[in-house]
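Enquirer: Residue-level listing of the chains:
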Amino acid sequence: MNDFIAARSQMALSLGFHIIYSCIGMVMPVFMAVSHYKYLKTKDEVYKNITQAWSKGVAIFFATGAVSGTMLSFELGLLWPGFMKHAGPIFGMPFSLEGVAFFIEAIALGFFLYGWKRFNKWFHWATGVLVGVSGIISGILVVAANAWMNSPSGFDYVNGQYLNVDPIKAMFNDAWFAEALHMTIAAFSATGFAVAGVHALMIYKRQNITFHTKAFKIAIAFAAVAAILQPLSGDISAKDAAKRQPAKLAAMEALFKTQTYTPLVIGGIPDTAAKKVNYGIEVPGLLSFLVHDNFKQEVKGLDVIPKNEQPPVAITHYAFQLMVATGMAMMGIAILYFIALWKKRSWLFKKWFLKLFIIATPFGFIAVEAGWTVTEVGRQPWIMQGIMRTADAVTPMPGIQYSFYLFSFVYFTLSLAVIFLLSRQIKMVPELYDK
Amino acid sequence: MLTVVILFLCFAILLYFLLGGADFGAGIIELFTSDRNKNRTRRTSYQAIGPIWEANHMWLIIAVVILFVGFPNIYTQLSISLHIPILIMLMGIIARGTAFSFRNYDAIKGERTQNLYNHIFVYSSFITPLFLGIVAGSAISGQINVQATTFMDAYVYDWFNLFSIAVGLFTVALCGFLAAIYLIGESIAEKDVKRFILKAKVLNILAFVCGGLVFLAAEIENVHLARWIFGNPISLTAVILASISLVLLWITVNKGKRFIARLFAAFQVSMILLSVGYRHYPNFVLIKGGANLSLLTDHATDKTITTLGTALLLGSLLILPSLFYLYYSFKDRNREED
Ligand code: HDD
Ligand code: HEM
Ligand code: HEM
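For the protein sequence lines, the chains are A and L, in the order given.
Take 1 as the starting number for the first sequence in my numbering and just add one per residue.
Take 1 as the starting number for the second sequence in my numbering and just add one per residue.
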């Protein structure tokens with residue numbers, strides 16, 4: 001494995017690991033705040049138990065999120081010094097504000113986790129809310145930094161020099177809004193479906209039904225709304241990408257030829273050499289419509305992009321399809337849930353209905369990982385779209401593959417440990433919370 | 001604004017050293033505690049650092065962010081030359097943070113798993129500050145070689161030298177010392193207090209020995225440490241103040257004034273950092289051959305520094321009061337609960 005590929009793989013691995021914990025870190029505090037609120041209002045002990053059971057699980061995720069995030073802030077320099085040297089001062093604004101948000105989150109978390117019975121109950125509740133709010137704000141901020149890589153702004157690039165740096169403008173670059181919106185919604189649907197799925201499984205197994213039903217309802221309420229909004233926000237993202245990064249859009253859609261009445265290709269195996277997609281289903285004109293709101297207008301294909309500026313087509317295309325497929329499935333389930341809620345209450349306890357949620361447990365996280373693959377692989381070969389190539393940013397140190405193996409080992413072990421601990425916590429629910 | 005940013009950087013490094021250091025120290029003490037007392041030590045330190053460890057570690061993040069936003073040349077140079085020790089330190093951080101929370105949040109407290117977490121926790125508590133110290137020592141050792149042509153010169157000998165390693169050991173000893181002083185204040189039983197006082201004494205002596213090692217290594221490696229520290233009035237004053245506060249520290253400990261003892265310990269360590277730091281300010285990374293990286297010249301454009309400084313000032317308005325309240329709220333936790 002050469003150093004460049006190793007560095008990219010290590011970055012992808014670390015980010016792919018961290019994103020799971022950050023989604024949970026953003027969303028679980030919100031869920032906990034809701035059940036905590038219900039407890040304070042109704043005095044129903046079950047809600048208190050749910051809040052405490054969740055907060056124990058979340059503590060594990062928080063610690064893992066915090067350490068993997070710490071890794072990342074060093075890895076940016078360890079792996080991409082050529083990039084950070086120039087980018088640091090320009091896209092640093094969101095990172096410095098993020099630092100502030102994390103700090104507040106960590107303080108609030110201390111109060112929340114260790115503050116049961118110590119403080120005024122509403123103060124204690126508010127610290128939990130603050131954990132969620134600062135988590136979401138920090139998520140939005142990092143994504144703004146990533147959006148800047150897709151749409152560099154806030155400086156003038158003259159003869160290899162980065163002049164007239166304006167960090168505020170860099171933070172509010174063209175891409176940040178669509179990305180931050182899509183990501184925040186994604187965090188809710190991914191975490192929501194995962195949590196709902198775990199509780200659905202317990203209901204399915206007829207264990208602690210009151211406890212798990214109440215927990216399920218809180219999680220799915222957020223997840224279902226988010227899953228319905230997700231494709232709408234995805235449409236904004238796609239329109240945005242088409243404007244900023246036509247190469248990325250073309251790779252996502254495996255669109256080799258620029259054309260009018262552009263079809264949308266669903267599925268299929270892109271053949272880069274022959275420049276066509278085999279076995280795909282074509283819906284005529286749909287891509288033109290999705291990108292430009294009319295069935296006719298031309299969409300740029302890979303043929304207008306110089307060969308050495310094209311991203312890997314197959315990975316980007318598959319990842320995009322996977323995201324959209326899981327997204328559509330989650331939207332479908334969400335709609336069924338609302339139908340059940342309003343018209344067919346009896347479904348809620350049917351086995352097939354619970355099974356849907358059990359199957360959908362990982363869908364949101366699959367979509368998140370796939371979506372990030374689209375964004376990041378679709379940006380290649382650029383680390384900073386149109387300005388700096390990833391290959392020019394990588395560290396001069398040889399032997400990065402060993403560091404990659406090390407990280408792979410660590411993240412693999414940690415994932416196993418987290419799964420192990422979580423399953424033990426779920427196993428203990430009857431003993432701890434079911435008297 | 002540059003001054004504000006530099007002050008924040010120094011402040012963040014100092015606080016990480018004091019708070020994060022005490023936190024590492026708790027693990028180091030556990031490593032050197034007899035099996036009989038391990039559980040008690042563990043409980044005391046969990047109660048003491050549980051609520052605040054995440055916040056303590058944020059100072060590291062703040063320092064790193066200030067470096068990469070405000071001083072990108074420094075951040076990238078350190079990342080390149082000290083890749084390996086930073087990597088090891090990161091492994092320590094990840095192992096330690098996760099083991100600490102796993103052992104407290106594992107729903108089933110089985111003996112084998114708890115033992116495993118404990119082992120990981122104590123060894124990583126030792127490794128992390130060791131390599132943190134090595135990174136810091138290397139930055140000022142003047143061994144960072146930007147013209148190297150071989151792998152060893154470029155990526156290994158920058159930090160694999162007697163001086164850096166001695167600084168690493170010294171850091172470990174100081175962390176243990178800080179933690180012992182901190183835990184004296186957190187213990188209730190007379191027996192525990194005595195135990196931690198003894199630990200503090202041993203670690204104090206160890207810190208002296210390691211400090212001596214640092215000087216010795218400096219002489220061997222041609223680092224002009226003695227000249228830096230004794231050659232200018234401010235550093236000299238700082239060293240003298242550090243020594244005085246050490247004496248006062250032991251007097252207050254013996255009188256049972258736990259809170260004041262902590263202040264003296266913090267003050268003493270701050271003075272040690274000041275005495276070394278002052279002499280090469282504004283140079284932050286000393287490079288072989290002399291092209292040092294300085295906080296005053298190797299910074300980002302003024303506009304970036306201004307926004308960074310503003311963000312830090314506004315942020316601290318939010319952070320500092322709540323942080324104080326956090327420490328205040330949990331400071332007497334142990335004594336209440338027993
Ligand atoms: C639960 C997760 C999830 C779901 C169901 C979807 N996405 Fe997504 N998508 C993400 C999670 C995500 C993400 C992981 O959050 C990304 C990566 C970067 C970003 O901003 O969001 C993303 C990126 C992303 C991008 C690239 C944006 C860019 O590079 O600037 C596009 C075009 C879409 N999405 C479009 C869609 C469409 C049309 C969907 C229709 C169903 C969809 N996404 C569902
Ligand atoms: C290069 C990219 C990234 C860096 C350098 C980074 C850095 C960090 C750091 C240092 C922490 C620890 C904070 C603490 O101690 O509490 C953290 C946690 C977190 N990160 Fe990231 N992060 C990155 C990507 C992301 C992304 C893409 C998101 C979200 C969309 C995100 C959201 C979060 C959240 C919500 C937390 C707090 C939750 C938790 O502690 O579990 N991060 N990150
Ligand atoms: C947490 C969510 C994220 C995930 C899952 C993710 C995923 C990835 C992947 C798959 C790659 C490798 C692409 C390739 O080499 O083909 C990558 C590269 C990279 N990402 Fe992200 N990314 C995330 C967020 C971010 C953020 C917030 C930043 C920075 C602010 C960032 C900075 C980078 C950098 C610097 C690289 C290496 C250079 C490159 O390959 O272009 N990423 N990421």
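The set of hints was computed from the structure by calculation and includes no laboratory data.
Among the hints, erroneous ones may be present.
[What the hints assert, rightly or not] In the EDC-like style, the derived pairs of lysine to aspartate or glutamate whose C-alpha atoms are separated by at most 16 Å in a straight line are: (1) 214(A) / 45(A); (2) 56(A) / 219(L); (3) 85(A) / 298(L).
Enquirer: Hints first: check each against the structure and report whether it holds.
Expert: Going down the list of hints, with the structure as the test:
Note on residue 214(A) and residue 45(A): the hinted pairing holds, with a Cα-Cα distance of about 12 Å set against a maximum of 16 Å. Our distance criterion of 16 Å between C-alpha atoms is broken by residue 56(A) and residue 219(L), whose separation comes to about 52 Å. Restraint check for residue 85(A) and residue 298(L): satisfied, since their Cα atoms lie roughly 11 Å apart, inside the 16 Å limit.
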